[in-house]
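Given chain A's structure and the hints, the job is docking chain B onto it.
Number of protein chains: 2
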Amino acid sequence: MERGSCTPTNPDPRNSNQNYPMTELAVCLTPSLIPLFEVEHYIVVVIDIFRATSSICYGIENGAEAIIPVSQVEECLAYQEKHPDYLLAAERNGEVVAGFDFGNSPFSYTAEKVKGKTVVLTTTNGTHALHLSRNAKKIIIGSFLNLTSVCTWLKAQNYNTLLVCAGWKNNFNLEDTLYAGAIADQLKDSGFVLDDAAIAACDLFQVGKNDIPAYLSKTSHSERLKKLGIEKDIAFCLQVDVTTAIPVLDGEKLVKLGG
Amino acid sequence: MERGSCTPTNPDPRNSNQNYPMTELAVCLTPSLIPLFEVEHYIVVVIDIFRATSSICYGIENGAEAIIPVSQVEECLAYQEKHPDYLLAAERNGEVVAGFDFGNSPFSYTAEKVKGKTVVLTTTNGTHALHLSRNAKKIIIGSFLNLTSVCTWLKAQNYNTLLVCAGWKNNFNLEDTLYAGAIADQLKDSGFVLDDAAIAACDLFQVGKNDIPAYLSKTSHSERLKKLGIEKDIAFCLQVDVTTAIPVLDGEKLVKLGG
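So the protein lines, in turn, are chains A and B. Counting from 1, one number per residue, gives the positions in the first sequence under the working numbering. Counting from 1, one number per residue, gives the positions in the second sequence under the working numbering.
One copy or two, either will do: identical chains are not told apart, so a pair holds if it fits within one copy or between any two.
Listed below are the simulated SDA-like cross-link pairs for lysine to any residue, each with C-alpha atoms no more than 25 Å apart in a straight line:
| # | residue 1 | residue 2 |
| --- | --- | --- |
| 1 | Lys227 | Leu36 |
| 2 | Lys117 | Pro84 |
| 3 | Lys227 | Phe37 |
| 4 | Lys155 | Val248 |
It is worth saying that the hints were derived from the structure and are not from the lab.
Chain A with its partners taken away, still in its complex shape:
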């Protein structure tokens, strides 16, 4: 019998007569679908691989005191008036906004630049996903950079988990879903029950995992980013397990979990 490697091989506990506890692993493929979930019952992982959540993970790893995600350039400027020491990072459609300290390139988030600093980050899709998830039990930030660290923490929580793909302009994208599949792959044998989108993401990860950059190289988003001349950012964001810090939302700020 053929089956995808992420299709459960054991009876789904939802369909048995046993009342043992079930932990749900659901994937929300785009922010448009967040209203379908009662997010207050989930730990949410926000995913925006190219490049917001990769840069946030790297910045927190490198000692940024906090990263504040905002959706509008104007909000970013308002922070600077109150806190002139804050660094401003603003990007619209993948490009740095004129006059700002930097954009979303992970290379802007080195220890040299961000250690001990607070960064106000304006980003299109990631902030949108964070905002719509704001009532979650807890919100953490995931990327390939801190993949196993995120999975280890989620396993330890053993709590219903929703992986929110920031996508692109509210639609599906392949890179965020592939990362959701990478998480599902690590959690599927640890008592989590996958929903259909998690099964699909996990099976896609099986297709792409042997060479993630090659698998993603022809997607719409990565083509678009290539045109912006940021191939190095893409390669950076697809490195697996080079960091361990997990950013967590605390009020309006993303800070280091347990930090």
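For chain B alone, kept in the frame of chain A given last:
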């Protein structure tokens, strides 16, 4: 270099300097995402594998004069008052509504029962997808039953195509996406450019295609339908290329394309 079999191996025409025409194949993974598309620029294929669009394809193949999709049981009854000869089919949450002729089981749509008849069909997800797609250039109905017939027709049109998965309560489901992937698999080498969701669907189809019933056997929806005792319906809906008729929306009615 590893890549999914549905990832384009030739340069994407969108990213070349050549101005040759491009035909888009996009997948809308749930009805919630339809507003992201300008449907008037697409031929839409509506997909609700378990079981509405499978039953519609089978009914039109078997000589039903027309099938009228409606979203409310009350609308269905209103048709009967005006047209006592119409057959009424109503289902809510997968079960026949009391007092109606039949529900959404494809076995209700045999030639014996529907030939020359008009059927008013109430269905939860399929009608919702049809309604939201109503401004499309043309709307046809797809299922595994008429897969190759649909693909042959789409290739002949060579027009931007949107595959709309009806999903389940506005969220993603695996069976509708797998079928979208089966279409993408047939169209990918015929001048269509796949969006990210179409690439993902196509790659999922590669994972599941050797034994579609086994691949889908553990999904949430098929588990739910099994509980309703309709395993035979599921097996029926997963037969490939047993019909050729293509239902097309004409005003409020689904009729046989070219019929």
